[in-house]
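Participant: Letter by letter, the chains look like this.
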Amino acid sequence: MAIDGLIILDANGRPIIQSGYTSFPPAYPLLHIDALNNELAKAPSSGIIDPIIYVASGGGGDMPDGSACCHIQVREMRMLASISGDLDPLVAFAFLQAFHDILQDYFGTVSTVTLKGNFDTVYQLIEEILDSSGHPLTTSPSILRDIVIPPSLLSTLLASLPASAPSVGRSGGPTSLNNTGGAFASPIPWRKVGVRHNSNEILFDVTEEMRAIVGRNGATLASNVIGTIECNSRLSGMPDLLASFSNPNVMAECAFHPCVRLQRWKREQTLSFIPPDGKFVLGEYQYAPPQKVVVNNLPIPVALKPNIIIGELGGSFTVTFTSRMMKAMENVKIEWYLGEDATGAQCTLSGAGSGVGSTGGAEGSWTFDSRKKILRWEIPSMHSSGSRVLRGSWTSKAQVPRPAHAFQIRFELPSYSFSSLKIDHVRLSSETYKMYKGVRMQSCGSIEWRW
Amino acid sequence: MSIRAPRKGENYELSVDLNSEYRDKRKDAIKRVIASMTVGKDVSGLFPDVLKNMQTEDLEQKKLVYLYLMNYAKTQPELVILAVNTFVKDSEDPNPLVRALAIRTMGCLRAERIIDYLCDPLNRALRDENPYVRKTAALCVAKLYDLKSSLVIDNGFLSRLHEMIADSNPMVVANTVAALTDIHKIASTAHPPVPSSDPAIFNITPHILNKILIALNECTEWGRVAVLNALSRYTTQDEKESEHICERVVPQFQHANGSVVLAAVKVIMIHMRGIRREDFTKQLVRKMAPPLVTLLSSPPEVQWVALRNVNLLLQKRPDLLSNEMRVFFCKYNDPLYVKVEKLDIMVRLANDNNVDALLSELKEYASEVDVDFVRKSIKAIGQTAISIESSAERCVNVLLDLIGTRVSYVVQEAVVVMKDIFRKYPSTYEGVIPTLCANLEELDEPEAKASLIWIIGEYAEKIDNADELLGTFVDTFTEESYQVQLQTLTAVVKLFLKKPDSSQGIVQRVLDTATKDCDSPDVRDRAYIYWRLLSTDPGAAKAVVLAHRPPISIPRTTVSPALLEELLGEISSLASVYHKPAETFIGHGRIGADAVQRKGTELSDDHAFAQKAFRTVVAGQQAENLLDFDEAPAQEEPSGLAATRILPSTPATASFLSGTSANPLDDLVSIFGGMSASSAHAGAGANRPGFDGVSIGEGALGGLGGTTSPPPGGASFGPGVDALGSPNAGHGPQEDLLGLF
Chain C
1 MAIDGLIILD ANGRPIIQSG YTSFPPAYPL LHIDALNNEL AKAPSSGIID
51 PIIYVASGGG GDMPDGSACC HIQVREMRML ASISGDLDPL VAFAFLQAFH
101 DILQDYFGTV STVTLKGNFD TVYQLIEEIL DSSGHPLTTS PSILRDIVIP
151 PSLLSTLLAS LPASAPSVGR SGGPTSLNNT GGAFASPIPW RKVGVRHNSN
201 EILFDVTEEM RAIVGRNGAT LASNVIGTIE CNSRLSGMPD LLASFSNPNV
251 MAECAFHPCV RLQRWKREQT LSFIPPDGKF VLGEYQYAPP QKVVVNNLPI
301 PVALKPNIII GELGGSFTVT FTSRMMKAME NVKIEWYLGE DATGAQCTLS
351 GAGSGVGSTG GAEGSWTFDS RKKILRWEIP SMHSSGSRVL RGSWTSKAQV
401 PRPAHAFQIR FELPSYSFSS LKIDHVRLSS ETYKMYKGVR MQSCGSIEWR
451 W
Chain F
1 MSIRAPRKGE NYELSVDLNS EYRDKRKDAI KRVIASMTVG KDVSGLFPDV
51 LKNMQTEDLE QKKLVYLYLM NYAKTQPELV ILAVNTFVKD SEDPNPLVRA
101 LAIRTMGCLR AERIIDYLCD PLNRALRDEN PYVRKTAALC VAKLYDLKSS
151 LVIDNGFLSR LHEMIADSNP MVVANTVAAL TDIHKIASTA HPPVPSSDPA
201 IFNITPHILN KILIALNECT EWGRVAVLNA LSRYTTQDEK ESEHICERVV
251 PQFQHANGSV VLAAVKVIMI HMRGIRREDF TKQLVRKMAP PLVTLLSSPP
301 EVQWVALRNV NLLLQKRPDL LSNEMRVFFC KYNDPLYVKV EKLDIMVRLA
351 NDNNVDALLS ELKEYASEVD VDFVRKSIKA IGQTAISIES SAERCVNVLL
401 DLIGTRVSYV VQEAVVVMKD IFRKYPSTYE GVIPTLCANL EELDEPEAKA
451 SLIWIIGEYA EKIDNADELL GTFVDTFTEE SYQVQLQTLT AVVKLFLKKP
501 DSSQGIVQRV LDTATKDCDS PDVRDRAYIY WRLLSTDPGA AKAVVLAHRP
551 PISIPRTTVS PALLEELLGE ISSLASVYHK PAETFIGHGR IGADAVQRKG
601 TELSDDHAFA QKAFRTVVAG QQAENLLDFD EAPAQEEPSG LAATRILPST
651 PATASFLSGT SANPLDDLVS IFGGMSASSA HAGAGANRPG FDGVSIGEGA
701 LGGLGGTTSP PPGGASFGPG VDALGSPNAG HGPQEDLLGL F
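These protein sequences, in sequence, are chains C and F. Numbering of the first sequence is given in UniProt numbering, commencing with residue 1 and proceeding in unit increments. Numbering of the second sequence is given in UniProt numbering, commencing with residue 1 and proceeding in unit increments.
The shape of chain C in the complex, shown without the other chains (with noise of 0.2 Å):
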């Protein structure tokens, strides 16, 4: 009926972390993790499969007669969950997702080592998120952070020393146990009370992402903004905070963190809410331009001219990137798959009508990734209106071969935003303290450019 289980696989499609499948019989995990092995095994060289795995069972006992696996994908292990019955599979990835950020909260990293050195805090986290029943819990890492310690560089260190100093041991359980009363007295899910913080802080960080397709003719076929609003919150208390914007109109089809009300957002186009504690998503939306015209056709702010000839066994290029912004963009990276066939690439770099600046690093650097079959071309740091030329060619061992029709392109534009979209003020009551606020701006880009 709900989420039968969960189960991390290593790269060896072995479980390290199994949880769950308390009410079903042994071989129902066994089943699942077969399931996408098997399918993994099949799949073509890039590994991709359909996210849904229908795994059928012979019945028999309490294990269900049909189930699915959903799994995603993280680093180099898959994370899966098993659902029977009517369940929505997007309650399965949005719980994957969950997870996997409440582990990243916890260990920064979520890798084999990582899981494998704290699976006894993974065990503790996953016996708070997801009922035995199947129904995910708590999922707020503010929350969770009170009931399952994180591993701290101090309990690590305690840990690897020889269990002979009881006495600092000591100081992490019994206090914690007895402050955590609070946490779930509080009649909002997301914030417990008592927060005290000794400076109160809360920082906005709106980050734009300009997703863009251009056709072979240099002419934007499908193109839009996503503006991500990421909070960081350190205030004591209950704080009601009310954002508002000098432009709101330009946010479209939001979707906002369920601490913002929803009522008021549509009355008066100004975020109310009451901040989970640390680090959250306050909201996502689309940049909607004033002029209802250009939504699909946004100016994109960089510009790819590729030059290239396909001949036998290989080929040749020179493609020019060229920036349409009069700020400095940075890490940008093209992206061209040269084919499944492709052996190797050779390329020069230069800076083409930039002039100055355009010395050592700041021309960048290329890369083949032989096993991915990957160009990479990388400029660490663009000036405006500046462009940069990779030629070169590349070997194939198909007669005719068959690069990708598209080069993928990256870059990020720090303190820029594409809709403008301006924080007015953050006022704060139901507190009496001063707050500090922040607000960062940036952009980044990632457009697929078709030749």
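What the hints contain is simulated information worked out from the structure, not anything from laboratory work. Here the structure is a predicted model, which is why all the values come from computation and not from measurement. Heads up, the beta-carbon is just placed ideally off N, CA and C, and yes, glycines get one too. Warning: the hint list may mix true and false statements.
Said to hold, decoys possible - Per label pair, the in silico range of CB-to-CB distance: (1) Asn71(F) to Ser246(C): 50 to 60 Å; (2) Lys266(C) to Arg127(F): 31 to 41 Å; (3) Tyr409(F) to Leu40(C): 23 to 33 Å; (4) Asn333(F) to Asn38(C): 23 to 33 Å; (5) Glu163(F) to Lys266(C): 25 to 35 Å; (6) Leu40(C) to Asn333(F): 18 to 28 Å.
Unchecked claim - Simulated pairs of lysine-lysine, DSSO-like, Cα-Cα distance not exceeding 30 Å: (7) Lys424(F) to Lys376(F); (8) Lys287(F) to Lys266(C); (9) Lys42(C) to Lys266(C); (10) Lys116(C) to Lys52(F).
Put chain F on the given structure of chain C with help from the hints.
Facilitator: Frame of chain C, contents of chain F only:
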């Protein structure tokens, strides 16, 4: 204690450490025990030693011990009973966390002997002052009901749960709703079924409705999903109430969690049925589009689920995303499963205004590397041409461009698609035939060959060297696949009927080969029928073989209307992702009265269809004595005769009947119960008068068409398709569904 740890080895060391005087050493040992347990080592022998560590101030240690207990509760219930006292004690601990932990752990021990001790602590926990304990206890009731329902009823836990719907804490309400829903599901699938008055059946009253609508806005995302699912089960009293629910649920579209959004969409789709105000419905549909589009910026797995659901929603509400086609443009790096769904939706959204953008995208996709995706893109061009008449010419031009690339699989797929376009728009694009024929040599796939042969046969009178082209296939007749053989046979006969003077030789040759050297009974039988027809009454042959065919069309839905309605009620569930009703893949799913009724009508449809087909065949036999086997060919070939002896009685009849009862789609019935509805409906609808006579000549074409047209498209060719066509006739829908797995 029957199990004793050995005096040495890992377990012995652990046992020593578990009894250490130092707290940290003991805790570390517990961790090592859990580590061994999770990698499958048997540490059950340490049970008494671990148990000693259960009474501790250290919450983390307590949790680890509980984890150990949960693992061994099932296999060694007699050991767990030793822990009962500590559990009961913990359930009265001053710390709410410990109280909740004790209740939760006892609930999932699933040991018969321990649950009797659970009732008193649970009763207390349900009335605990701390909401965390209450919400944990609520879920525990559902678990207890699953194990021993009588305990829940005898202790009055159910009525307590009903009281808790009015709890002041929204999370308690949400968990209570989830627990009651779980109990409801267990009760309603029980054998024997419980009466609807049973307290376990969770009937949502208007009073409960108000309570949960309030909780909806205040609980966590998971709580919201539970509440929304409960709302979707509510039967509204009147239109006003439906509107009220929709208005309260619409704000959930702005939740950041996709599963909340999808659950809200489901509630709206269900309660929209009760709303007659057209403007209000339109408004709801308009509000539904943006959140669905937002889901497309999620990770690919979520996108895929969203796309499957969007696909379904579009079949009911084609206007839903009419201006949003660009959102579905495929990116090069999208995983194949996302691309395929996007493609399907793009074709669904195509209209006069956006068809140009669509075609240039499809052309782009056709130049990609992944063969499967390229083929699907080319198919999509064909579907566009057929569904939007004004775009047909542009589609044909794009196809010609693609054929110009001379990439083998592109050309082959384009030829197959061209055949469908010829079917839809006869005698419109004859100009492209020479280009197609020029690629004859490059075709090596049976489907592409058969398609081109069909085109040559169909336009034989306009192709000067048709006999020459077909001649090459006749030369290699015995080496070709049956599909190609059937098409060659029909095409040559068409050629003969159109140009009798120049093609006497070739028709003789093909009939001779087909009847003598061919090992497929289908090909042989068809050759006999043609031979008989041609030698008896060329006029009748013409009427049969060259008859006018009804134009093909692409249905806007891939599932039958009844199934669509049902699936829309299950939006945001596995059913809507698989596009199949839940009971087909959840074995013990409950089959409601309406489902039974629908199955009833399905059956009667099938039956009526069979009757009709049978009558048609009988009439055909009487009118046209097609099967007079006194003629020469049958006698010349004894083995053929032996085979045809069986024919006179029931050849077509049998195959017609098999067309309904042993219809290839029926293989699916066992697996995909509901799908047979769509084929039966569509099939019956296509059984037009005047079509009967041509069914023989078109059988193969139908089979051919069925493979390329979208799902129930095959059925639009009429009954003859399934009867005489290759087993591929049902391939379309089959492939569509099986493709999911």
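Participant: Holds or violated: the 23 to 33 Å window for the beta-carbon distance between asparagine 333(F) and asparagine 38(C)?
Facilitator: holds, 25 Å
Participant: Lying within 18 to 28 Å: is that true of the beta-carbon distance leucine 40(C) to asparagine 333(F)?
Facilitator: Check passed, 19 Å falls within 18 to 28 Å.
Participant: Taking the beta carbons of lysine 266(C) and arginine 127(F), is their distance inside 31 to 41 Å?
Facilitator: holds, 38 Å
Participant: Verify the proposed pairing of lysine 424(F) with lysine 376(F), using a straight-line Cα cut of 30 Å.
Facilitator: The given pair, whose Cα atoms are some 19 Å apart, holds under the 30 Å limit.
Participant: Cβ-Cβ distance between tyrosine 409(F) and leucine 40(C): within 23 to 33 Å?
Facilitator: holds, 26 Å
Participant: Need the status of pair lysine 287(F), lysine 266(C): alpha-carbon distance at most 30 Å?
Facilitator: holds, 13 Å
Participant: Confirm or reject the claim that asparagine 71(F) and serine 246(C) have a C-beta distance inside 50 to 60 Å.
Facilitator: Holds, at about 57 Å.
Participant: Need the status of pair lysine 42(C), lysine 266(C): alpha-carbon distance at most 30 Å?
Facilitator: violated, 49 Å
Participant: For the pair supplied as a hint, lysine 116(C) and lysine 52(F), is the alpha-carbon distance within the 30 Å limit?
Facilitator: holds, 26 Å
Participant: A range of 25 to 35 Å was offered for this pair. Does it hold for the Cβ distance of glutamate 163(F) and lysine 266(C)?
Facilitator: Check passed, 34 Å falls within 25 to 35 Å.
Of the numbered hints given earlier, the model fails hint 9 alone.
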